[in-house]
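Input sequences plus hints: build the corresponding full structure.
Protein chains in written order, with our numbering: chain R, 1 to 228; chain S, 1001 to 1451.
Treat the hints with care, since some could be wrong.
[What the hints assert, rightly or not] Mimicking DMTMM-like on lysine to aspartate or glutamate, the simulated pairs with C-alpha atoms at most 20 Å apart in a straight line are:
#1 R:Lys46 to S:Glu1358
#2 S:Lys1369 to R:Glu71
#3 S:Lys1447 to R:Glu51
#4 S:Lys1149 to S:Asp1167
[To be verified] Chain R stretches covered by chain S per the calculated footprint, using a threshold of three residues with CB under 8 Å from any CB of chain S:
#5 65 to 79
#6 99 to 110
[What the hints assert, rightly or not] Non-contacting residues of chain S with respect to chain R, defined by C-beta distances greater than 10 Å in every case (computed):
#7 Ile1219
#8 Phe1278
#9 Leu1393
Calculated directly from the structure, the hints in this document are not laboratory data.
Note that CB positions come from ideal geometry on N, CA and C, so glycine has one too.
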Amino acid sequence: MIEFKNVKKIYDNGTVALDGVDLTIQDGEFVFIVGASGAGKSTLTKLLTREEMITDGSLTVDEFDLVNMPERKIPYYRRRIGIVFQDFRLIPDMTVRENVAFALEIVGEPRAKIKRTVNSVLKTVGLEHKANAFPNQLSGGEQQRVALARALANNAKTIIADEPTGNIDPRRSLEIMNLLIKIHKKNKTVIVVTHEKQLVDYFHQRVVTIENGVVTSDRVGGMFGEKV
Amino acid sequence: MMTIASVIVLLSCLIVMGCFSMLLININTNLDSIGDLNEIVVFVYSDAPYKEGDTRTLPEGPVVEGNNFLGWTTVPGGVEAQYMPGDKYVIDPSDAIAGEIRFYAVWENTKNEGKLTVSYNANGVALDGDIALDDKEYKVGSTLNFPEKPVSKNPTVTFLGWSLTHDGSSGTISADKYIIGEKDVKGGKITFYAMWSNMPEFTEFTLAYDPNGVETVSIPTDSELKLKHVEEQLGLLQNVAEDGISFVSKEDTLKDQKDKYKDYPGLQSFLTDSNNPFPDTFVVTYDDNSKVDSLQLQIESIEGVDKVRCRSDIAKTIENLKSGVIVIFSWFMVILFVVSIFVIINTIKLTVANRSEEISIMRYLGATKWFISLPFQLEGAIIGVFSGAIAFLIQWYVYGYVHKMVGADLNMIEIVPFSEIGVFVFAGCIIIGILTGLIGSMISIRKNLKA
Chain R
1 MIEFKNVKKI YDNGTVALDG VDLTIQDGEF VFIVGASGAG KSTLTKLLTR EEMITDGSLT
61 VDEFDLVNMP ERKIPYYRRR IGIVFQDFRL IPDMTVRENV AFALEIVGEP RAKIKRTVNS
121 VLKTVGLEHK ANAFPNQLSG GEQQRVALAR ALANNAKTII ADEPTGNIDP RRSLEIMNLL
181 IKIHKKNKTV IVVTHEKQLV DYFHQRVVTI ENGVVTSDRV GGMFGEKV
Chain S
1001 MMTIASVIVL LSCLIVMGCF SMLLININTN LDSIGDLNEI VVFVYSDAPY KEGDTRTLPE
1061 GPVVEGNNFL GWTTVPGGVE AQYMPGDKYV IDPSDAIAGE IRFYAVWENT KNEGKLTVSY
1121 NANGVALDGD IALDDKEYKV GSTLNFPEKP VSKNPTVTFL GWSLTHDGSS GTISADKYII
1181 GEKDVKGGKI TFYAMWSNMP EFTEFTLAYD PNGVETVSIP TDSELKLKHV EEQLGLLQNV
1241 AEDGISFVSK EDTLKDQKDK YKDYPGLQSF LTDSNNPFPD TFVVTYDDNS KVDSLQLQIE
1301 SIEGVDKVRC RSDIAKTIEN LKSGVIVIFS WFMVILFVVS IFVIINTIKL TVANRSEEIS
1361 IMRYLGATKW FISLPFQLEG AIIGVFSGAI AFLIQWYVYG YVHKMVGADL NMIEIVPFSE
1421 IGVFVFAGCI IIGILTGLIG SMISIRKNLK A
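Dropping the structure here:
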């Protein structure tokens, strides 16, 4: 369970990014977080990945208290969440297989397990036939699928996708979203941060709208930009 | 390019360090071969004659059971003490008999068994033959026959007669016989001094101590007493190391020198036991080099000490030289070390910059700091090992060259063979190289390690 309680985030330059956010996401939920540019969506993601620290309030993810967590525990926390970025963030001189395996090597998994897991997640995202290709030989959609596969590799309980379709053409975007739904059905919590109205409206999931650093709407099966 | 630069800078740093340590090792080795510098050599010319005006502290008197020593007198057979032990006696030629000043022990009970002994004194003139001993027993009033007239080795000096005083003040007896009068006897003894046409003049005097009739005691010679005094006084001084006083007699020194110069017959004939030019010496080892000056002064003021040789000057010069070398090299090292670290920081920074994307991905995937920094630390360490190895090889070669050159030309300086220090130089180069590499890489990656 992810729990934001009156979370405030003020950057060093004085910008108020979040101004008292209360938000609870239960295990196995699928949540869209929507809002205009600068509304505070990215800050929310950064707080969840513990890239940024909240200024006030409390933020817990399962048993992890992100406010009081010592720095050395951050890597172990991040292994519990899978992160997907708009720009994929694949390592260009590694093949698809190596990119996915890398996530497992980092946590020191044995080689046999790595091989098994990589094959399995590549199958999930439908890229087993491109296992030996390099990222620059893949389309945007395919690269994002690799990124998803990597996020899944560690058997993360929660997947956070920050504008996952931002760099992909609309047709492929639907594929990625379908994949995320598929992952969600495997009992994972999926948080998709996006500003793509069509996609949000299409999937009829819980939609949390953020405007000027506050949650203005939170409805299951809601629509983009819908006010309470 | 940057990697090559860091290797070069680091290896020059290591070479300087290596040269520094090897130089210090060699200085220390050569110091050892010079010997212990914490030494003061004290010379005592114990047999040296005294001159008019010299002073001598009079020694303790002999101890005899049942007879108290009262003091010293220069009067033969004297019964009244003129001087007490510890008194400072100023050499007075008028006390001397033929160049010898004799101190007679004065006893509480003057032993006079009524026996008279008669002796003859050549009064400072070298004789051709000896004066016959007179072991007859005499009494006051008996008549004695003088022995045959002594003959001087010097033909210009002729015998005039005998006298009861060394300066002839009691008159010269030219007869063959003499009737012993009561006041002639001093302490059971009568001494006749030879009077000569040309009495020798003495400017140098020796001291002697006489039991004055108490024949059961023997009093050490002045030279023995002097050495004993010096040794006792040295033993009382501060800053002298434990068991730090050793004595080398002039006889031992003579023997050593004779052995040393046995190939020089001319010198051998000069170095004889009766003509020993060497002093007795005490070698004093001290603890604290900084207090050596006062120690030296104290030793110089001990009566009987003629000369003091102190190596503290050499020791100080060498210490100064050593600390100078240490200061210069330390600065060199610090500068080069800082430059090395700086260059390595920049080298690793470039690598870090090239891989910053990868590092950030690793962080998102939950990589620990250790996992992220390991490759960079390895890179730093490899630069270090590589530099250390090259530095070691260069030093090996250069040291060997210097060893050959200096070893052949300067026999005085001993160069420690590289085989003895090579292991340490190697270990030092590698360890310091790795440390520098690690420190440099850790500093450069620190910023990127922020969670």
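Contradicted hints - numbers only: none
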